[in-house]
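Chemist: Residue strings, one per chain:
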Amino acid sequence: MLEINRELRRSYALVERNFNLIKRYLGWEVVFMIYTVVNTLTIAFIGLSPDGSGQDKVLYLVVGALLWGFLSVLFHEVAESVQWERWEGTIEYSFMAPMRRLTYLVGVCLYAAAYGAIRTVIVMFAVVSIFDLDLGSANLLAGLVVLLLSSLSFIGVGLMAAALPLMSAEKGSQAAHILEAAILLVSGVYYDVSVLPAWMQKLSVISPATYTLRAARAAFLDAASFSDIRNDLVILLATGVVLIPLGLAVFNQAELCAMRTGKLKRSG
Amino acid sequence: MRSALECCDARKVFYVKRERKNGTALSRLFAMAIPKYEAVEAVDRLTFDVAPGEIFGILGPNGSGKSTLIRLISTLLLPDEGCIKVFGYDVVKERFQVRKLINRVSVDAAFFKGLSAMENLSYAARLYGLDRRTWQTEASVILERLGLESDKLYEPLEDLSRGMQQKIAVARAFLTHPLLLLLDEPTTGLDPVSKREVQEFVLEERERHGTTVVLTTHDMQEADRLCDRIAVIDHGKFVALDTPEGLKSQVSTNGNYVTLEEVFFALTGKTLKGHTKSAN
Ligand SMILES: Nc1ncnc2c1ncn2[C@@H]1O[C@H](COP(=O)(O)OP(=O)(O)O)[C@@H](O)[C@H]1O
Ligand SMILES: [Mg+2]
Numbered sequence: 005m006l007e008i009n010r011e012l013r014r015s016y017a018l019v020e021r022n023f024n025l026i027k028r029y030l031g032w033e034v035v036f037m038i039y040t041v042v043n044t045l046t047i048a049f050i051g052l053s054p055d056g057s058g059q060d061k062v063l064y065l066v067v068g069a070l071l072w073g074f075l076s077v078l079f080h081e082v083a084e085s086v087q088w089e090r091w092e093g094t095i096e097y098s099f100m101a102p103m104r105r106l107t108y109l110v111g112v113c114l115y116a117a118a119y120g121a122i123r124t125v126i127v128m129f130a131v132v133s134i135f136d137l138d139l140g141s142a143n144l145l146a147g148l149v150v151l152l153l154s155s156l157s158f159i160g161v162g163l164m165a166a167a168l169p170l171m172s173a174e175k176g177s178q179a180a181h182i183l184e185a186a187i188l189l190v191s192g193v194y195y196d197v198s199v200l201p202a203w204m205q206k207l208s209v210i211s212p213a214t215y216t217l218r219a220a221r222a223a224f225l226d227a228a229s230f231s232d233i234r235n236d237l238v239i240l241l242a243t244g245v246v247l248i249p250l251g252l253a254v255f256n257q258a259e260l261c262a263m264r265t266g267k268l269k270r271s272g
Numbered sequence: 012m013r014s015a016l017e018c019c020d021a022r023k024v025f026y027v028k029r030e031r032k033n034g035t036a037l038s039r040l041f042a043m044a045i046p047k048y049e050a051v052e053a054v055d056r057l058t059f060d061v062a063p064g065e066i067f068g069i070l071g072p073n074g075s076g077k078s079t080l081i082r083l084i085s086t087l088l089l090p091d092e093g094c095i096k097v098f099g100y101d102v103v104k105e106r107f108q109v110r111k112l113i114n115r116v117s118v119d120a121a122f123f124k125g126l127s128a129m130e131n132l133s134y135a136a137r138l139y140g141l142d143r144r145t146w147q148t149e150a151s152v153i154l155e156r157l158g159l160e161s162d163k164l165y166e167p168l169e170d171l172s173r174g175m176q177q178k179i180a181v182a183r184a185f186l187t188h189p190l191l192l193l194l195d196e197p198t199t200g201l202d203p204v205s206k207r208e209v210q211e212f213v214l215e216e217r218e219r220h221g222t223t224v225v226l227t228t229h230d231m232q233e234a235d236r237l238c239d240r241i242a243v244i245d246h247g248k249f250v251a252l253d254t255p256e257g258l259k260s261q262v263s264t265n266g267n268y269v270t271l272e273e274v275f276f277a278l279t280g281k282t283l284k285g286h287t288k289s290a291n
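Line by line, the protein sequences give chains W and P. Under the working numbering, residue 272 is the last one in the first sequence; the count climbs by one each step, no gaps. Under the working numbering, residue 291 is the last one in the second sequence; the count climbs by one each step, no gaps.
These are calculated hints, taken from the structure and not from any lab test. Please note: incorrect hints may appear among the correct ones.
Cut-off 25 Å, straight-line C-alpha distance, at most; resulting in silico cross-link-like pairs (BS3-like, lysine-lysine) [stated by the list, open to error]: (1) P/K124 with P/K206; (2) P/K28 with W/K175; (3) P/K47 with W/K175; (4) P/K248 with W/K267; (5) W/K267 with P/K104; (6) P/K248 with P/K259; (7) P/K28 with P/K248; (8) P/K124 with P/K104.
Some residues of chain P that are not near chain W, with every Cβ distance over 10 Å (derived) [said to hold, decoys possible]: (9) R13; (10) K104; (11) D119; (12) L157; (13) G158.
With the C-beta cut set under 7 Å, the calculated list includes, among others, these residues of chain W facing chain P [said to hold, decoys possible]: (14) F23; (15) G56; (16) A253.
Using N, Cα and C, we set each Cβ at its ideal position, and we do this for glycine too.
Just need the whole structure built from these sequences, with the hints factored in.
Modeler: This is how it looks when you write it as C-alpha cells:
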C-alpha cells in the first residue's frame, strides 16, 4: 500500500509537468478549446430541424461528439507522449530515471484522463447552455460506467501506439494518426454503423469504440439499464483487461528494441 | 576497494543505412527499396576501471564513441557484448539499481524548454522521488552558488543563455546525489567564462560529495584541468589511458614540454588539418 502510494506520487511528476506546459502555452490551449467547442456545436446543429424539433438527433450527435472528444484526447495524449519527449529532447532524461516504466506510463494515463475530462466537461457546459437537451430519463450512471470501461481499451491501444515512435521515429507517430482516423470512421461516432459499406462494418466489430457508442447512446437516449447493456459492458471490460497488459508488454519490448538499436536518441 | 565503474570488453555496434549517392537512378531506387546496412563499431571492446571519487576523462574527436559509451553506462543502450558494472550493479540485469546511483548531463541540456528552471527541477525531483522540501532547500543553495538570480529561475528556459541552461543541467544532476555522474561534453559550445564556471562547479561538487565523475570532452584544457586520468578514444578504442602528466610524458621526447593537445594529435594520428599522419 505504501509502495503504491509512493509510485503514484512519482507518477504525479508527469501530471504536474504536463499541466505546467499547458499553463505555459495557455494561449494555444484556449484556441484549441474554442475550436473544439465550436466544432461540437456545429455537429450538434446538424441534428436540429428548422421548426426546432430534432432534440433527439441533437442528443445522438452530442453523445457521439463528447465521447469521441474524450476518448480521442485520451488516446492522443498517451500515444503522443513518447514522440513528444523525443521532440523536446527529454526522452533519455525521463527514461533513465529510477522509475518503473509502469509508473511513468500510469502518470501519462492519469494526465491524459484528467486533461480529457476537463476538456469534455467544458464542451458539455457549452452544449448544455445552447441546446435544450432532455436528459431526464437518461441513465447517467450507466453512461459514466461505459466511459470508464472504454477508457481502458483506449489506454491499451494508446500504449501500443506510444511504443511505435520508439521503433521508428517518424513513421510511428504517423501510424498512430492513421489508426485514430480509422477508429473514427468505423465506430459510428456520428451515425449508425449499419449505414457503412459491408467491409467497413466488419472493421467496426473490432473497434472498441463501436461498443462504447452503442452502449452510451442506449444509456443516454433510451434510458437503458445496466442489464440492457450488459453485453457491451462485458466486451469493453474484456478488451480493456486484454489490451492494457498487451499495451504495456508491447511498450516494454519496443523500449528494449530501441535500447538495442539506438533508436531512443542518436545525436549528442 | 570496489570500483565505481567497471567496464569489461564492452562493445556496441550500430547498423546504419548505407547512403548511395552515385549510380544510375534505377540502382539508387533499388538501394532505397532494399537498404544495405553497414556496421559501425561505436564502442570497440573497452576495458577500464574508475575508482570512487575519481574524475575520469574521455577525450576524443567527434564520432569516436564517447556518447555511446556514456549511454551504455547510463542504461540507455544495451551493450552487444561485455559487461559494465556501476558500483557492482550490472547495467543490463540490474538496470533499476544502477539508475538510482547515476545521473547524466548531455551536451544538449535536455529540458522542457518552455518550462522554467524551477519547473524542470521539480519534474526531476519527482522522478527521483525526492521530497519537496528537501530538494527546494538544496536547489536554492546550488542555484545561488551558480549565481542565478531568482527571477531568472521562473522564466522559460528557452529565454536563458546556453551557459545558464547547462549550469542548471549540472545542478539538476547533482540534486539527485548521484554516486556516479556522467558528463557528456558538458561545456561544448559554451563561451570561455561559462565553461570555467561549469568546470568550477563540477570540481566543487566533487569536493563536497565525493562524486565519481566520467567526463567526455574534446577540449584539451578541460581534460587537463579536471581529470585525474584521461582515456583517449578513437574509433571506439582507447589509444591511451593515463594521468594527464603520464600522457604528456608518453609523447614527449627527451623531456620536452608537450601540451595535451599535442598528445591527442600524436595518439589519434590526426594533424590539425584533420589529415591522417603517415605511419612514420
Ligand atoms: N543511435 C545511433 N544509431 C546509429 N549510429 C550511431 C548511434 N549513435 C552513435 N552512432 C554512431 O556511432 C559512432 C560514435 O558516435 P558517438 O558515440 O555519438 O560519438 P561521439 O560522442 O564521440 O561524438 C558514430 O559513427 C555515430 O554515427
Ligand atoms: Mg557525443
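Chemist: Run every hint past the structure and note whether it holds.
Modeler: Hint check results:
1. At most 25 Å may separate the alpha-carbon atoms for a hinted pair to count; P/K124 and P/K206 meet this at roughly 21 Å.
2. With a CA separation close to 16 Å, the supplied pair P/K28 and W/K175 stays within the 25 Å bound.
3. Taking the CA atoms of P/K47 and W/K175, the gap is about 20 Å. The hint holds against a cut of 25 Å.
4. The suggested pairing of P/K248 with W/K267 holds, with an alpha-carbon distance near 23 Å, which does not exceed 25 Å.
5. For the proposed pair W/K267 and P/K104, the alpha carbon gap of about 20 Å is at most 25 Å, so the pair holds.
6. Of the supplied pair hints, the one linking P/K248 and P/K259 holds, its CA atoms being roughly 19 Å apart against a limit of 25 Å.
7. Between the alpha carbons of P/K28 and P/K248 the distance comes to roughly 23 Å, so the proposed pair stays at or under 25 Å and holds.
8. For the given pair, P/K124 sits about 33 Å from P/K104 by alpha-carbon distance, which is inconsistent with the 25 Å threshold.
9. The non-interface label for P/R13 is consistent with chain W: the shortest C-beta to C-beta separation is roughly 20 Å, beyond 10 Å.
10. Residue-level check passed: P/K104 sits 13 Å from the nearest beta carbon of chain W, beyond 10 Å.
11. Its beta-carbon lying about 6 Å from the closest one in chain W, P/D119 breaks the requirement of being farther than 10 Å from that chain.
12. Chain W leaves P/L157 outside its interface by the beta-carbon criterion, the shortest separation being 19 Å against a cut-off of 10 Å.
13. Residue-level check passed: P/G158 sits 24 Å from the nearest beta carbon of chain W, beyond 10 Å.
14. Interface hint status for W/F23: violated, as the beta-carbon distance to the closest one in chain P is roughly 10 Å, over 7 Å.
15. Checking W/G56 against chain P by beta carbon gives a least distance of about 47 Å; that is not within 7 Å, so the hint is violated.
16. Given the 7 Å rule on beta carbons, the hint for W/A253 is violated: about 17 Å separates it from the nearest Cβ of chain P.
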